[in-house]
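Student: Take a look at the letters that make up each chain.
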Amino acid sequence: MTLLEVNNLQTSYGAVNVLAGVSFSVEPGETYALVGESGSGKTTVIRAIAGLAPAQEGSVKFDGQEIRGLSERAMRPLRKDIAMMFQDPVGSLSPRLTIGSLITEPYRIQGMKDRDLGAEAKRLLEMVNLPVHFADRYPYQLSGGQARRVGVARALALEPKLILADEPTAGLDVSVQGELLNLMNDLREKLGLAMVIITHNLNVVRHVADRMGIMYLGRLVEEGTTEAIFSEPRNPYTRCLLSANPEPDPDARLDRIALKGEPPSLLKRPEGCEFRERCPFAKDFCIQTPSWDFTNNRGIRCLAPLS
Amino acid sequence: MTETLLEIDHLSVDYETARGNLQALRDITFNVKKGEIVGIVGESGCGKSTLISSILRLTAPNTRFRQGEVRFKGSNLLQLSERNMRDLRGDDISIVFQDPMQTHNPVLSIGRQMVDIQHRSKASKSEKLSKAAHMLGAVGIPDPEARLKQFPHEFSGGMRQRIAIAMALMSEPDLLIADEPTTALDATLEVQIIERLQKLQQEFHCAILFISHHLGVIAELCDRVVVMYAGAVVESGDVREIFHNPKHPYTRRLIDCDPGHIKERARVLPTIPGEVPDLANLPGGCIFRDRCDQALPQCAVDVPPLEQLTAGHQAACWLNQEEVHA
Numbered sequence: 001m002t003l004l005e006v007n008n009l010q011t012s013y014g015a016v017n018v019l020a021g022v023s024f025s026v027e028p029g030e031t032y033a034l035v036g037e038s039g040s041g042k043t044t045v046i047r048a049i050a051g052l053a054p055a056q057e058g059s060v061k062f063d064g065q066e067i068r069g070l071s072e073r074a075m076r077p078l079r080k081d082i083a084m085m086f087q088d089p090v091g092s093l094s095p096r097l098t099i100g101s102l103i104t105e106p107y108r109i110q111g112m113k114d115r116d117l118g119a120e121a122k123r124l125l126e127m128v129n130l131p132v133h134f135a136d137r138y139p140y141q142l143s144g145g146q147a148r149r150v151g152v153a154r155a156l157a158l159e160p161k162l163i164l165a166d167e168p169t170a171g172l173d174v175s176v177q178g179e180l181l182n183l184m185n186d187l188r189e190k191l192g193l194a195m196v197i198i199t200h201n202l203n204v205v206r207h208v209a210d211r212m213g214i215m216y217l218g219r220l221v222e223e224g225t226t227e228a229i230f231s232e233p234r235n236p237y238t239r240c241l242l243s244a245n246p247e248p249d250p251d252a253r254l255d256r257i258a259l260k261g262e263p264p265s266l267l268k269r270p271e272g273c274e275f276r277e278r279c280p281f282a283k284d285f286c287i288q289t290p291s292w293d294f295t296n297n298r299g300i301r302c303l304a305p306l307s
Numbered sequence: 001m002t003e004t005l006l007e008i009d010h011l012s013v014d015y016e017t018a019r020g021n022l023q024a025l026r027d028i029t030f031n032v033k034k035g036e037i038v039g040i041v042g043e044s045g046c047g048k049s050t051l052i053s054s055i056l057r058l059t060a061p062n063t064r065f066r067q068g069e070v071r072f073k074g075s076n077l078l079q080l081s082e083r084n085m086r087d088l089r090g091d092d093i094s095i096v097f098q099d100p101m102q103t104h105n106p107v108l109s110i111g112r113q114m115v116d117i118q119h120r121s122k123a124s125k126s127e128k129l130s131k132a133a134h135m136l137g138a139v140g141i142p143d144p145e146a147r148l149k150q151f152p153h154e155f156s157g158g159m160r161q162r163i164a165i166a167m168a169l170m171s172e173p174d175l176l177i178a179d180e181p182t183t184a185l186d187a188t189l190e191v192q193i194i195e196r197l198q199k200l201q202q203e204f205h206c207a208i209l210f211i212s213h214h215l216g217v218i219a220e221l222c223d224r225v226v227v228m229y230a231g232a233v234v235e236s237g238d239v240r241e242i243f244h245n246p247k248h249p250y251t252r253r254l255i256d257c258d259p260g261h262i263k264e265r266a267r268v269l270p271t272i273p274g275e276v277p278d279l280a281n282l283p284g285g286c287i288f289r290d291r292c293d294q295a296l297p298q299c300a301v302d303v304p305p306l307e308q309l310t311a312g313h314q315a316a317c318w319l320n321q322e323e324v325h326a
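Chains as they are written, first to last, in this note's numbering: chain A, 1 to 307; chain B, 1 to 326.
Fair warning: there could be bad hints in the mix.
Straight-line distance between alpha carbons at most 27 Å, and here's what the computed DSSO-like set of lysine-lysine pairs gives [to be verified]:
| id | chain 1 | residue 1 | chain 2 | residue 2 |
| --- | --- | --- | --- | --- |
| 1 | B | Lys131 | A | Lys260 |
| 2 | B | Lys199 | B | Lys34 |
| 3 | A | Lys80 | A | Lys161 |
| 4 | A | Lys268 | B | Lys149 |
| 5 | A | Lys260 | B | Lys34 |
Since the hints were derived computationally from the structure, they do not count as laboratory data.
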């Protein structure tokens with residue numbers, strides 16, 4: 001059974017329409033990446049799934065159960081199954097708690113009194129390859145990479161079925177980034193986790209995601225398996241994003257497609273295709289509104305797709 | 001031969017801490033020629049920030065300059081009076097900081113800030129305003145006159161970083177220091193900023209010292225690269241040499257780790273196991289030895305010197321001994 005099914009999810013803050021209908025699904029054990037520029041609504045999507053951001057319309061089904069708009073109390077038992085990894089690794093850890101109490105906090109919140117918290121802390125630290133004596137440390141004593149691992153440990157504490165990870169590698173050095181991704185890949189295999197990962201680093205997506213969705217102005221504009229998207233991007237926006245990836249090679253032949261300007265304001269969405277004004281491949285008929293076309297596991301929203 | 005603009009000559013900088021002397025920079029030597037773009041690559045804790053603050057002499061109170069010189073157009077900045085140093089900052093040497101969201105004063109309009117920054121100029125206010133508008137246009141902000149009246153929160157992150165660049169270039173400096181200017185931005189904006197910097201560099205002929213841990217950006221933008229590890233230069237040279245023919249195991253491993261290099265989906269990504277040594281309690285010998293898979297017995301005993309391998313390529317590694325003496 002599909003683990004997570006998001007259908008036509010919409011979020012507005014006053015007049016600002018942040019999510020204009022987002023739909024995707026995640027199977028058990030699968031990793032799905034959401035990619036897009038700053039302000040495209042990626043973070044709002046996963047916060048809305050976790051009930052941390054409002055969603056006025058649409059549906060979020062987890063394990064077949066509708067969870068959109070659940071009260072905090074009704075949501076609490078589900079937090080065992082849906083864990084979140086926040087973007088700022090140090091900022092997401094309370095500075096006044098030790099690492100040991102931070103990673104065992106989920107047990108206390110869920111009222112699991114029978115657990116031996118000391119033993120659980122040890123097990124979790126070992127799982128994310130941190131020394132056991134870190135249980136007595138405070139967040140300020142950790143490096144960025146170590147704080148991320150604590151974030152992973154905490155997300156894994158309750159053995160969730162789904163992890164929502166917001167920019168899990170942002171701000172990490174390349175050598176540490178690899179370690180974290182390996183750890184996540186490893187745990188995913190061992191524990192059969194499903195993940196939704198948000199990132200703007202396309203180099204990372206290729207190595208962790210099974211499928212990916214590209215977001216623009218609060219909508220998905222393309223979706224498919226990671227291989228398919230990388231080898232044959234069909235939406236011009238996806239193509240621009242992929243080509244904006246600086247290669248670690250001074251002689252790399254760059255047939256870069258320049259992305260003009262900045263994303264338009266959400267307060268006055270452009271008419272027709274919303275990417276039209278920045279699109280190097282725009283045609284006259286792009287003034288019409290493209291619809292979401294989904295065939296053969298490949299979704300695209302574009303009137304003039306590339307072939 | 002092009003004139004040398006900035007010379008870092010055997011610079012060693014310590015921080016006095018409760019745990020003892022932290023040797024943040026050790027024997028750093030490299031130079032930047034006029035109009036050249038030099039990249040400094042290194043991971044957290046390699047001393048990039050200490051290096052920048054040493055050049056600008058904006059160091060923390062517990063900083064001690066142990067040895068060496070920072071020469072800018074021939075004069076040693078470490079000996080300059082505070083007054084002369086202040087004249088230099090922002091005029092001859094400018095900087096663009098990492099976080100565009102915190103660079104600007106939130107309660108003053110962009111125009112006001114861009115006029116204020118011209119405080120040394122004798123021009124009238126309207127001339128300063130039109131120069132500000134011109135610079136905004138040069139960094140690709142549409143409708144610059146109108147936008148001068150706006151406040152920082154009315155601009156996106158990418159725009160704010162471009163405004164920071166515009167402000168840094170206002171005084172037509174000889175050297176622009178860019179401290180991870182694209183780290184806080186996403187890939188498409190990153191590319192916009194690099195392309196903009198390249199264009200401005202050709203227009204203003206300033207040298208750029210570009211600090212980043214993003215190898216892709218360094219490869220694309222820089223003429224020469226300095227690789228730092230744990231407070232020391234381990235390798236430096238022409239950008240092609242560094243990326244195609246790295247001569248220090250750290251550089252090699254760093255390039256291997258970049259997932260941009262690996263085109264096929266990998267189950268296990270390469271990493272560099274181990275951690276950066278404690279700079280307050282340095283081990284003897286080569287600093288990378290504990291994490292190096294090619295370490296020789298000699299590496300535990302002596303610190304390898306930065307040696308010239310070819311005309312445009314230096315590395316500090318005992319493995320290159322044969323090449324050096326061949």
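Student: Give a verdict on every hint.
Tutor: Each hint tested on the structure:
1. Lys131(B) - Lys260(A): holds (25 Å)
2. Lys199(B) - Lys34(B): holds (16 Å)
3. Lys80(A) - Lys161(A): holds (8 Å)
4. Lys268(A) - Lys149(B): holds (21 Å)
5. Lys260(A) - Lys34(B): violated (31 Å)
Figure legend: structure checked against the earlier numbered hints; the only hint not met is number 5.
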